[in-house]
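Protein chains: 2
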Amino acid sequence: MQSDHCVHMALLYKSLSRKVLLTSAAMKRRITTDACQILMSPSLTSIDFPDIWTSSSCSDYSSITKSYDDQQTATVIDGRVIAEEITSGITSEVRRMKNATGNIPGLAVIMVGQRRDSQTYVRNKIAACEEAGIKSEISNLPEDCTEDQVLNALSRFHEDPSIHGILVQLPLPQHLDESKILNSVHLEKDVDGFHPLNMGNLAMRGREPLFLPCTPKGCIELLIRSGVEITGKRAVVIGRSNIVGLPTSLLLQRHHATVSIVHAFTRNPEQIAREADIVVAAAGVPNLVRGSWLKPGAIVIDVGTNPVEDPSCEFGYRLIGDVCYEEASRVASAITPVPGGVGPVTVAMLLLNTLESAKRAHNFA
Amino acid sequence: MQSDHCVHMALLYKSLSRKVLLTSAAMKRRITTDACQILMSPSLTSIDFPDIWTSSSCSDYSSITKSYDDQQTATVIDGRVIAEEITSGITSEVRRMKNATGNIPGLAVIMVGQRRDSQTYVRNKIAACEEAGIKSEISNLPEDCTEDQVLNALSRFHEDPSIHGILVQLPLPQHLDESKILNSVHLEKDVDGFHPLNMGNLAMRGREPLFLPCTPKGCIELLIRSGVEITGKRAVVIGRSNIVGLPTSLLLQRHHATVSIVHAFTRNPEQIAREADIVVAAAGVPNLVRGSWLKPGAIVIDVGTNPVEDPSCEFGYRLIGDVCYEEASRVASAITPVPGGVGPVTVAMLLLNTLESAKRAHNFA
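Sequence lines, in order, name chains A and B. Oh and the first sequence: position 9 is 68 in the working numbering, straight run, nothing missing. Oh and the second sequence: position 320 is 379 in the working numbering, straight run, nothing missing.
In short, the hints are calculated from the structure, not lab data. Be a bit skeptical, because a hint or two may be false.
Heads up, the list lumps identical chains together, so a pair's fine if it works in one copy or across two of them.
Pairs of lysine to any residue, SDA-like flavour, derived with a Cα cap of 20 Å [claimed, not checked]:
no. : residue 1 : residue 2
1   : 418       : 102
2   : 157       : 221
3   : 418       : 385
4   : 239       : 218
All chains, full assembly: derive it from the sequences and hints.
Below, the structure written as structure tokens:
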């Protein structure tokens, strides 16, 4: 009976094996271990197959865009301008807090390794802190550091009363246990909002997490400031990462959108995306979302920041989005550019979460 | 500037006011309080408007069902049979544990007030415990009890080593703070899986909650045992309650379905539901889902258990589902009945969670 279950489970999940490049034997073994008990349902982590997207890059736009009306051009949602407005408000608040209490907010960043995209992000965050009058500290750890070294850096920042927010720059090297490390960030300093308790409180109606994850919070702010009413709209989130896709879908739902989540196992992503009034692209796949994926007039928020080699750029690469911008801007009614869209607003949200944390710590309203 | 924001927020959310029966002044006041800071985004709890569905009851089937082919009849997914199979496995495991360790699993139920539907559920749970050899205890508190009384009952069960699972029967009377009470259930005895940390771990890939909420876990088990492959399927969850709709949508996504969540603010629920291969109805609205909401061949899981007066029944009422069964069974390929579908399997999952908790507590594999 039990082995029947195992075979059944293996059959049920056989279609995955091609996509995830596990042999069916390995797949069967993984599922067998967890599932062949009383239930036929497997354990969740045993079915956490990676999302591997096949992208039809639109590097040759010329032939494709012909069918679109060249006159129709989406409004560009300028993330830099919006981020500046927000940061200006934060700067005033930091000054007011300093005058009233003598304290300023402090942000600590733990950075492991030398990923150049991560370095860029961290550099931007630190620069933004300086601009807003927020103290910042970085702990740079080597690529091959131990988990204990990361946890020790965390502890030091936990104990430091001048630090109100701690972020661990992701992704971490493979040998480190990301879940364990994120679980160790104290809730009241978890300005990235990645702790599962914050995530649960984001998901559940009637609750409010201590911190909203920065990118989802930024997406909502971009929509609201662009005059987009979210309630009742169909929103499609492309990608389901723990740090962007998942929390963005949950937050859009809290704002009463009707949300669908598209991922690498979705059979007809293009068709589903085309139903959406609001498309949030967060798959991490350059140019995944083509013009044909969009309903005319849709609002497009492009979270993708994919580095592509470009020797002509300062750091040897440039960032492009998940959305084929040239095509999409002819179909959408509004779109965020990459760079200059979600990125700057995400950084502003990090500053804001740090400010809110400091206000909470110093009981300053 | 700030008052501009307030007006803007009020305008953005004005369309809600009709549905949620708040005056626009009250609405503006609620949103104003939380939102007119640096951001234009409101706080989440300030926009937790209730889901008020308008149901087109199908009490007069006769005229409607004529257009369906009378020959086409969905397979009935027999929740009672599946629950018996699972419970039989649990019973064996309880016996094995008792023989090996001398301990049996114990479940405690905290029941506030005298809601007759809640009484029925609790009765069923206790009876199921007895059948499986699981110890059960009930703490019956009066409708007007204080929060402290509930928390005291919780504490007693937390300290009792013979209790491995505690559930607070919902809904609680309005005067009690449900979030606070559910937060107080110790994680390792939270067999309902309603603690936000368990919910966060359910939502996030790479993580596994200590307990999956019973109804969502039961829905997945019903699908798997009915031979339904979930991966890649379009699933529509109707309703987004913290205890059913939300966790079911998260769990279906962990199983790689492409999930859309329909709620009372969804503009075209019928059209969206009709795209689904798997429909989970959990709105708590009798007969909300008509035959016309279903794609031919869809799988329908009806979580609704709506009591309707019926003097001919033992307790003066009977339960009907969220799905108009007579219509749906002519369109769907498989459907769960109410009663006898999700209900018994939910109870079996509660027993299983309690068993797993006891095994964990006594380090018994």
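Tested hints:
no. : hint       : in the structure
1   : 418 to 102 : between (41 Å within a copy, 17 Å between copies)
2   : 157 to 221 : within (12 Å within a copy, 54 Å between copies)
3   : 418 to 385 : neither (43 Å within a copy, 58 Å between copies)
4   : 239 to 218 : within (19 Å within a copy, 28 Å between copies)
Violated hint for the displayed structure: number 3, the only one.
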